[in-house]
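Residues per chain are reported as follows:
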Amino acid sequence: MKLNKLSLTVLTLGFAFLYLPIVLLIGYSFNESRLVTVWAGFSTKWYGELFADDQMMSAVWLSLKIAMGASTGAIILGTLAAFALVRFGRFWGHTLFGSMINAPLVMPDVITGLSLLLLFVAMGQLFGWPSERGSLTILLAHITFCTAYAAIVISSRLKEMDLSLEEAAMDLGAHPFKVFWLVTLPIIAPSLVAGWLLSFTLSMDDLVIASFVSGPGSTTLPMVVFSSVRLGVSPKINALATLIVLVVSIAVCIAWWFARKAERDAQMLPDEE
Amino acid sequence: MKKLLNCFSQGRTWIISVPYIWLLLFFFIPFAIVLKISLSESAIAIPPYEDLISYADDVLNIKLNLGNFHFLLQDDLYFLAYLNSLKTAFFATVLCLLVGYPMAYFMARAEASVRNVLLMLVILPSWTSFLIRIYAWIGILKSNGLLNNFLMSIGLIHEPLEILNTNVAVYIGIVYAYLPFMILPLYANLLKMDLSLLEAASDLGCRPWKTFLKVTLPLSKAGIIAGSMLVFIPAVGEFVIPSLLGGANTLMIGKVLWQEFFNNRDWPVASAVAIVMLLLLLVPIALFNRYQAKEAANEAK
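Respectively, the protein sequence lines represent chains A and B. According to UniProt numbering, the first sequence holds residues 1 to 273 in order. According to UniProt numbering, the second sequence holds residues 1 to 301 in order.
Among the hints, a few may not be true.
Stated by the list, open to error - 25 angstroms max Cα-Cα, derived DSS-like pairs, lysine-lysine:
| id | chain 1 | residue 1 | chain 2 | residue 2 |
| --- | --- | --- | --- | --- |
| 1 | B | K294 | A | K261 |
| 2 | A | K159 | B | K221 |
| 3 | A | K261 | A | K159 |
| 4 | A | K5 | B | K210 |
| 5 | B | K192 | B | K294 |
| 6 | A | K178 | A | K261 |
Stated by the list, open to error - Chain A stretches covered by chain B per the calculated footprint, using a threshold of three residues with CB under 8 angstroms from any CB of chain B:
| id | segment |
| --- | --- |
| 7 | 5-12 |
| 8 | 51-64 |
| 9 | 79-89 |
| 10 | 98-107 |
| 11 | 183-193 |
| 12 | 242-253 |
Hints are computed from structural coordinates only; laboratory data are not their basis. Each residue gets a CB set at the ideal place from its N, CA and C atoms; glycine is no exception.
This is chain B alone, in the form it adopts within the complex:
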């Protein structure tokens, strides 16, 4: 064992430093640059912002412009977009949990051979194009789409329902697209659960529902947190779903950032929007990281 470790430690520094430096350069440092640009002033130039630090006539000028953040505070649009994104992501996460938990539960309790097939069936859609799966819902939810045609043909409704280009469509899209990410960690967690605890509860006369609430649910807390974070965090910054399924008045911050960047070409304001979004997501991301680290430690044991 010692010899093995020795041999590995020769290359250790090298093996660690290559991915480390790569991720520092392409994942960590970029955030510092976003922070820097968010403090600069926009300008009509290429690239469209002024430098923070300038040196002219023996004077070193450092100009930190808080105007972009001030601008975000002043304009209701941004506040409403943040609020609406958090709200949409929260309720979509709850819906995902309500749909995903029972599925994960019954998958984990199925026979081993069935279980593997079911697991593959959950993973398969998440490997096909995200964009195209969202696109599929346009054809279903349109006013002359498949859902309305179906409901009218069975006589349930007489007027087509307005679903596409509303918040309802955004909820459907998020739940649909992120459901596998909710199910997978829940399934992994429920699969590992010690079934003898459930047996003990039922031997002691606990009713199935009560056993579920008192034993299963608390024991699956880690899975619930992981799944919820995997849905909530990306959903807050979601761009594709609100722009394809939401309407003109569907305010989501990911869409606002995109428009700020591509339509208004205001890089500093787009950066400020990103920094505030990142600050809002800091706690959920830390929670997710902690869970992942804990999982890794558990597996190593």
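The shape of chain A in the complex, shown without the other chains:
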């Protein structure tokens, strides 16, 4: 079916709603005036001010480090979790395990944040570790909620995978570990990339959970943005937003390319059914 008039109208309006705020945000980042809503000529001075803001830059750096660690941890745990969900049939506590993968997707951040903070405090009292809250506790919290997303992305790929490929490698005498490394991993690689990128953006974006579990001295980017936004709009935040949109768009395009490539590769293989 081709797009008719009605569907074209609905989709245009819908996407305008989704994109107009972002486009305006980007446009006004090049505004000369401090007033975000009055156009006073083209300027890139807010980008200069953004990069000169030490507090902001150190927050960016901390957030990037945490996001790298969190997304890497999340795809390792997420891959294990995806195997547990897809390959091993039912095991003791299978339903509980499934719920623990699905529930973080919808759990309100304030609940997750509070509960993790109380856990870290209790652990600190019982074991003396973690002795203080900071980037380590934020990292642990982020790994946990990102694992759920990564597990879901990876397991959907794992489900589609053709088992006969692994079987063939086994029959030819390959060690299971080698089979995983040479057969399974390349096949699920696109989902690992997608899961990693998704986890990375989720970690970079988290304000609420990080605020609960962070300590003095570890301020992530969303915390700086939030406290600055509370005081009112600032063109510097617009400049930051523009850079984030730019980076994310590039990352999503790369992820998209990987996914499409995987799809094409999968179509080239003969179907079993």
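Given chain A, put chain B in place with the hints provided.
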């Protein structure tokens, strides 16, 4: 096949137990601790609560303090905040469905090449910063913001509309931020739908609208439930949107919990607020879990 399974089962326990234990420790046990703290008494100490169990002079004391829950019942503020959160989340979900369903429907019925691009366009905003997308609306909705400037310049209104810091702004924010989460499961569901059923209905003389109501809509029930839960549950506990777009009198329970914790430093009451919120969300979360499990089972077939 058997050999394959054998080889996997060697590492099976290990592969299952690592993520299992991690999630038990960092996702499941914390809830038990929240429950425990919600039953304790607040104290001026670090951390600011008393222990439930104490042992002194050969006496083991277990003190369960229900005062925090009693306090929640007594103070109207909490009741109104819960009620308002549920109400806001419900209507925002309905609005999301009204906007998202037609979009998902037409996306699923578009040509394959267009479909993929549209899908990416829906996903893209949800990958950019949530905080910043909400921030974008402040500049639009302010009394001297872009929307008011635009409406006044075309002469539709003469006085700026008060939108920012009202419930309307909160609704706009929730619908805007959560729309992709509504569209994605609906789209996946509508895409899988067997179109021959629709053809059959129209061959039998069913009008397009009636076909939609009698065939398409009931068949997309699973997608509607999944999308609605993905919007409703997080929206109930939403903190960022009411604090940036809502006003001082926008009562939402996520904001109340935050203030209880950060401003009043009352950890036990904050925990009690979280426990009650969790109880309210138990049914929706179970519904969502069941849907996800069913989807997984369907895919495995």
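Structure-based check of all given hints:
1. Restraint check: the Cα-Cα separation between B/K294 and A/K261 comes to about 29 angstroms, which exceeds 25 angstroms; the hinted pair is violated.
2. Our distance criterion of 25 angstroms between C-alpha atoms is met by A/K159 and B/K221, whose separation comes to about 24 angstroms.
3. Distance hint between A/K261 and A/K159 is fulfilled; the C-alpha atoms sit about 18 angstroms from each other, no more than 25 angstroms.
4. At most 25 angstroms may separate the alpha-carbon atoms for a hinted pair to count; A/K5 and B/K210 meet this at roughly 20 angstroms.
5. For the hint linking B/K192 to B/K294, the alpha-carbon distance of about 15 angstroms falls within 25 angstroms, and the restraint holds.
6. About 24 angstroms separates the Cα atoms of A/K178 and A/K261, which keeps this hinted pair within 25 angstroms; it holds.
7. A count of 4 residues in the segment 5-12 of chain A with a Cβ less than 8 angstroms from any Cβ of chain B is obtained; the coverage claim is therefore met, three being the minimum.
8. Remark: the segment 51-64 of chain A is not confirmed as covered by chain B, as 0 of its residues place a Cβ nearer than 8 angstroms to a Cβ of that chain, below the required three.
9. With 8 residues bearing a CB less than 8 angstroms from a CB of chain B, the segment 79-89 of chain A meets the requirement of three and the coverage assertion stands.
10. Under the rule that three or more residues need a Cβ within less than 8 angstroms of chain B, the assignment of the segment 98-107 of chain A holds, with 10 such residues.
11. Requiring three or more residues with a Cβ within less than 8 angstroms of a Cβ of chain B, the coverage given for the segment 183-193 of chain A is violated, as only 0 such residues are present.
12. Proximity of the segment 242-253 of chain A to chain B, defined as three or more residues with a beta carbon under 8 angstroms from a beta carbon of that chain, is established by the 6 residues found.
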